[in-house]
Amino acid sequence: NAGVTQTPKFQVLKTGQSMTLQCAQDMNHEYMSWYRQDPGMGLRLIHYSVGAGITDQGEVPNGYNVSRSTTEDFPLRLLSAAPSQTSVYFCASSFLRQGSGANVLTFGAGSRLTVL
Amino acid sequence: AQTVTQSQPEMSVQEAETVTLSCTYDTSENNYYLFWYKQPPSRQMILVIRQEAYKQQNATENRFSVNFQKAAKSFSLKISDSQLGDTAMYFCAFPSVTGANSKLTFGKGITLSVRP
Chain A
1 NAGVTQTPKF QVLKTGQSMT LQCAQDMNHE YMSWYRQDPG MGLRLIHYSV GAGITDQGEV
61 PNGYNVSRST TEDFPLRLLS AAPSQTSVYF CASSFLRQGS GANVLTFGAG SRLTVL
Chain B
1 AQTVTQSQPE MSVQEAETVT LSCTYDTSEN NYYLFWYKQP PSRQMILVIR QEAYKQQNAT
61 ENRFSVNFQK AAKSFSLKIS DSQLGDTAMY FCAFPSVTGA NSKLTFGKGI TLSVRP
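Same order as they appear, the protein sequences are chains A and B. Those letters in the first sequence? Residues 1 to 116, by my numbering. Those letters in the second sequence? Residues 1 to 116, by my numbering.
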């Protein structure tokens with residue numbers, strides 16, 4: 001199993017450019033989410049989804065868009081990149097149902113984004 | 001809002017010794033999960049241990065164990081026989097929303113260094 005696959009691993013953008021971070025999982029997880037990690041801030045939730053067609057905002061959603069057209073994919077879009085969006089981004093997924101295997105997040109390897 | 005606090009930004013331990021990483025949280029709920037994740041220099045987020053709040057017994061995974069004090073809302077991680085490979089950043093995490101165990105709030109993390 002590939003688990004959670006994020007692409008690209010590294011990206012440099014100029015202010016105002018747009019880009020999409022891709023996230024795909026092959027575990028049939030209902031829940032998918034995006035976090036950003038900044039020094040001294042831990043991981044902060046950007047957006048999440050509990051199933052295809054359903055998305056919602058997390059703690060720091062401004063400047064980011066998401067969509068969930070399939071169970072497997074959950075791309076994160078930066079419409080007009082700003083230096084404040086320089087960060088490491090993680091996609092994570094999990095099952096939603098109750099049980100011993102529920103709710104443990106599986107993370108992608110992370111994507112380091114630099115906005116100049 | 002439910003919060004997670006890790007007050008120690010950095011810790012250091014001699015190889016083969018024991019270290020305890022602290023975490024406190026705030027909630028009015030009664031049933032929930034608590035998690036510790038490890039992030040080594042590779043950046044990959046790895047689940048270390050999970051505790052279910054309704055269980056009296058502290059969770060244990062090999063050299064890793066928790067001291068869960070529900071009344072005090074404390075969830076510390078004990079690493080026994082520390083190894084060089086334990087050098088990493090450690091995050092405790094807690095569900096942000098009642099019943100949404102996948103939507104985790106993370107603490108700011110503790111950087112643990114294991115000295116040879």
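Incorrect hints may have been included.
[Said to hold, decoys possible] Far from chain A, by Cβ distances over 10 angstroms, these chain B residues were calculated:
1) Ser7
2) Glu17
3) Thr20
4) Ser28
5) Glu29
6) Tyr54
7) Asn67
8) Phe68
9) Lys73
10) Asp81
11) Leu84
12) Ser102
13) Arg115
14) Pro116
[To be verified] Ranges between beta-carbon positions, derived for each pair:
15) A:Ala82 / B:Lys78: 22 to 30 angstroms
16) B:Phe64 / A:Glu30: 26 to 34 angstroms
17) B:Ser12 / A:Ile54: 43 to 51 angstroms
18) B:Ala16 / A:Pro83: 39 to 47 angstroms
19) B:Arg63 / A:Gly40: 22 to 30 angstroms
[Claimed, not checked] Listed below are the simulated DSSO-like cross-link pairs for lysine-lysine, each with C-alpha atoms no more than 30 angstroms apart in a straight line:
20) A:Lys9 / B:Lys55
21) B:Lys78 / B:Lys108
22) B:Lys55 / B:Lys73
23) A:Lys14 / B:Lys73
24) A:Lys9 / B:Lys108
In case anyone wonders, no lab produced these hints; they're calculated from the structure. Here a beta-carbon is modelled for each residue, glycine too, at the ideal position from N, C-alpha and C.
Practice task
Please flag the earlier hints that this structure goes against, numbers listed from lowest up.
Solution key: Hint check: 12, 15, 20 and 23 fail, others pass.
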